[in-house]
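Chain order of the listed sequences is A and B.
Taking the working numbering, the leading residue of the first sequence gets 1, the next gets one more, and so forth.
Taking the working numbering, the leading residue of the second sequence gets 158, the next gets one more, and so forth.
Since the hints were made in silico from the structure, they are not lab data.
Keep in mind that this is a model prediction, so the values were computed, not measured.
One or more hints might be untrue.
[Unchecked claim] Here are the computed lysine to any residue pairs in the SDA-like style, where the Cα-Cα straight-line distance is at most 25 Å:
hint	chain 1	residue 1	chain 2	residue 2
1	B	Lys177	A	Leu47
2	B	Lys452	B	Lys264
3	B	Lys264	A	Met1
[To be verified] Only some residues are given here: those of chain B computed to face chain A with a beta carbon under 8 Å:
hint	residue
4	Lys177
5	Val182
6	Pro183
7	Phe185
8	Phe188
9	Val190
10	Ile196
11	Arg197
12	Gln263
13	Leu267
14	Leu587
[Said to hold, decoys possible] Under 8 Å between C-beta atoms, here's a sample of chain A residues computed to sit facing chain B:
hint	residue
15	Thr60
16	Leu61
17	Ile64
18	Leu147
19	Arg149
The C-beta atom is built at its ideal place from N, Cα and C for all residues, glycine as well.
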Amino acid sequence: MNYSRYQLISLTVLRVLVGWHFLYEGISKLINPYWSSAAYLLDSKWLLSGLATTIVSNPTLLGISDYVNMWGLTLVGASLLLGLFSRYGALIGMVFVMLYYLFAPPLLGLEYGRPGEGSYLIVNKNLIEACALWVLYSFPTSHIIGLDRFCVKPESN
Amino acid sequence: MSNQTNQQKNTNLERRELIKSLATVPVFGLFLVNLWRKIRRDALKKSNLLSDLVQQKSAPAVIKKMSDSRHLNIGVIGYGGRGHHLVRGAGFAPPGWTQRASENAQKNKLDKAFETYMTQEDLNCSLVGVCDLFDVRAEEGIAASKNETRPGGEPKSTAVRYRHYTELLANDNIDAVIVATPDHWHSRITIDAAKAGKHVYCEKGLTRTFDEAVKVYDTVKKTGIKLQLGHQNRQVEANEKAKEIYKQGLLGPVNLVEIATNRNSPWGAWVWDIHPEGNEETIDWETFQEPCSNKIPWGDGNEALRRFFRWRCWFDYGTGLSGDLLSHDFDAINQIMEIGIPKYAYSTGGIYYYTKERNPEYARDVPDVWNATFEYPDQNLTLLYSATLSSNNPRGNRIMGHDATMQMGGQSGGGSVHGFVVTADSESTLYKDRLKSGIINSNYPIYTYSPGSKQIDGVTSATSRYFANRGLLYTYREGKRVDPTHLHVKDWLDSIRGGPKAQPKCNIDVAFHEAVTCAMATESYKTGRRIEWDPKNRKLI
Numbered sequence: 001m002n003y004s005r006y007q008l009i010s011l012t013v014l015r016v017l018v019g020w021h022f023l024y025e026g027i028s029k030l031i032n033p034y035w036s037s038a039a040y041l042l043d044s045k046w047l048l049s050g051l052a053t054t055i056v057s058n059p060t061l062l063g064i065s066d067y068v069n070m071w072g073l074t075l076v077g078a079s080l081l082l083g084l085f086s087r088y089g090a091l092i093g094m095v096f097v098m099l100y101y102l103f104a105p106p107l108l109g110l111e112y113g114r115p116g117e118g119s120y121l122i123v124n125k126n127l128i129e130a131c132a133l134w135v136l137y138s139f140p141t142s143h144i145i146g147l148d149r150f151c152v153k154p155e156s157n
Numbered sequence: 158m159s160n161q162t163n164q165q166k167n168t169n170l171e172r173r174e175l176i177k178s179l180a181t182v183p184v185f186g187l188f189l190v191n192l193w194r195k196i197r198r199d200a201l202k203k204s205n206l207l208s209d210l211v212q213q214k215s216a217p218a219v220i221k222k223m224s225d226s227r228h229l230n231i232g233v234i235g236y237g238g239r240g241h242h243l244v245r246g247a248g249f250a251p252p253g254w255t256q257r258a259s260e261n262a263q264k265n266k267l268d269k270a271f272e273t274y275m276t277q278e279d280l281n282c283s284l285v286g287v288c289d290l291f292d293v294r295a296e297e298g299i300a301a302s303k304n305e306t307r308p309g310g311e312p313k314s315t316a317v318r319y320r321h322y323t324e325l326l327a328n329d330n331i332d333a334v335i336v337a338t339p340d341h342w343h344s345r346i347t348i349d350a351a352k353a354g355k356h357v358y359c360e361k362g363l364t365r366t367f368d369e370a371v372k373v374y375d376t377v378k379k380t381g382i383k384l385q386l387g388h389q390n391r392q393v394e395a396n397e398k399a400k401e402i403y404k405q406g407l408l409g410p411v412n413l414v415e416i417a418t419n420r421n422s423p424w425g426a427w428v429w430d431i432h433p434e435g436n437e438e439t440i441d442w443e444t445f446q447e448p449c450s451n452k453i454p455w456g457d458g459n460e461a462l463r464r465f466f467r468w469r470c471w472f473d474y475g476t477g478l479s480g481d482l483l484s485h486d487f488d489a490i491n492q493i494m495e496i497g498i499p500k501y502a503y504s505t506g507g508i509y510y511y512t513k514e515r516n517p518e519y520a521r522d523v524p525d526v527w528n529a530t531f532e533y534p535d536q537n538l539t540l541l542y543s544a545t546l547s548s549n550n551p552r553g554n555r556i557m558g559h560d561a562t563m564q565m566g567g568q569s570g571g572g573s574v575h576g577f578v579v580t581a582d583s584e585s586t587l588y589k590d591r592l593k594s595g596i597i598n599s600n601y602p603i604y605t606y607s608p609g610s611k612q613i614d615g616v617t618s619a620t621s622r623y624f625a626n627r628g629l630l631y632t633y634r635e636g637k638r639v640d641p642t643h644l645h646v647k648d649w650l651d652s653i654r655g656g657p658k659a660q661p662k663c664n665i666d667v668a669f670h671e672a673v674t675c676a677m678a679t680e681s682y683k684t685g686r687r688i689e690w691d692p693k694n695r696k697l698i
């Protein structure tokens, strides 16, 4: 895929910023011994609330959910930031944020216990970040700027 | 020359390759530097806050396992709602309950009552005697003693029904009795049990009057039996942690403590169901009211049934808010601060919501809004109790120090607090420098204790939440959810096995504090006077 210089820079900046966000979200959970996905899942509404209850009520599933979240976010973050396997990172990251969205979507008529940090109607930051990751998946940059460049044949640019 | 140029070109290309490949690595480095700075900053902040002052960081250890040392036979006198829970704490639940709890767990995965029961420790005891004046409940107690769905499996022996408590006490095989009758029977049964050499777990409040409290105290001391008063908050991890914080002076001088009760439902106001099978044939009404001076004839049964099943609504049998709810919160504060009996007590209130005019079923003579103040001039302390049964707004309990306030239960900072939160005072002397330098901010808690934060409770009803917020339904041991009532029964049985010096956590000394304090407040409400405690002559003035 050929990008103009500005397209390449803006896509890379987007990738690095989203990566940074994921990486810190993951690491902050890893270093907090009290963190658990339970509080978020317990407040789940709509389609996935049943699944959330199943996870929360089973200590093993909850443990897996916590583990997957902590390490998943960290690895996706590092992947995007460093440009290593970034297409996969973007895809997995998109699944993560879409799940966060679907577990608690800001739809009409759904009330949540925890106060939100902004005002949302259907669209929230999770949905936007998922969309950003979709863009990053569709317009990869890590083979041009990033460690993935080591894995691909050098091109003219 | 052309070779040289080519080489130069290749080197340039490689360098460009490398730069492009590693272009974002410096950003990663920047991330790591900032992460390191953030972690260091947080660690420094933490050590500058309270963690350097809190000496014992771990939770209280699990109580030593003693239950396997000697088998004990227990009897229960009064197998109503509370008696049922206590006997379940000992490891015996009726089949109806285990069936329902197991079904509830299947319907609602967050409902852990059944799991908590089945994983509780087998206390190596048998339920061998049940005494209740209502046939249905007595039979239920017998069924509980036979139920094989229990921690520890098949029971070693089963229970016999006794019509009168004196017959149960006459059984020499019974080592200990749980007394969960209405309050007007507590002192008589406890005294007779102690004289018969039985150890007693008595439900709160210890007694209905001051005179009864003195008699119970003297008899228990004389006979040397182990008495445990039913304040299971003594087993709650958060209270032990709160005590540690208070003892270390982290709150500074404390001059005011506020404790509160908020409920807002007929059930919370003791308008309990009248059992459909309750009638003159199935209830021994005459024995029920034997200790009362105000005898109510059975008549058409309406009044008698209300009084039998909703006894907390009348001073003839209990003391309303005083013995039921003030007693718990007072004991929690006494556990944390060891304040003992106040010098003065004054209380006021009235029946403002649950009036007969609103609904004849609300009949009562105990107040539904009640406020009491207790003065401790020697400790420069006022304890304030405020209760309403017609507002559910949870105020929680607060220990208000010059340097910091500890908020327990209720609402704080937008979320429900199970455990407690300590917030520095903006005018604190102790934290003056830290407040000034910005290390401590009086708008945010400096210490939060939220036990079992990785555990999930399916606590649903408002009344359950009320107790859960105070830690009365569940507490945590090493992250595992346990019923404090079970721990409290275990603590009592362990003290019986532990030799003459072992004492249960809510022993006769602290039970006496509770009984006298509550009696002072009740007496003040009834007489409209301020009541003074004369410790030398053990009298109320």
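A quick look at each hint next to the structure:
no. : hint                 : verdict
1   : B:Lys177 to A:Leu47  : violated, 44 Å
2   : B:Lys452 to B:Lys264 : violated, 46 Å
3   : B:Lys264 to A:Met1   : violated, 54 Å
4   : Lys177               : holds, 5 Å
5   : Val182               : holds, 7 Å
6   : Pro183               : violated, 10 Å
7   : Phe185               : holds, 5 Å
8   : Phe188               : holds, 6 Å
9   : Val190               : violated, 13 Å
10  : Ile196               : holds, 7 Å
11  : Arg197               : violated, 12 Å
12  : Gln263               : violated, 11 Å
13  : Leu267               : holds, 5 Å
14  : Leu587               : violated, 27 Å
15  : Thr60                : violated, 13 Å
16  : Leu61                : violated, 10 Å
17  : Ile64                : violated, 14 Å
18  : Leu147               : holds, 6 Å
19  : Arg149               : holds, 4 Å
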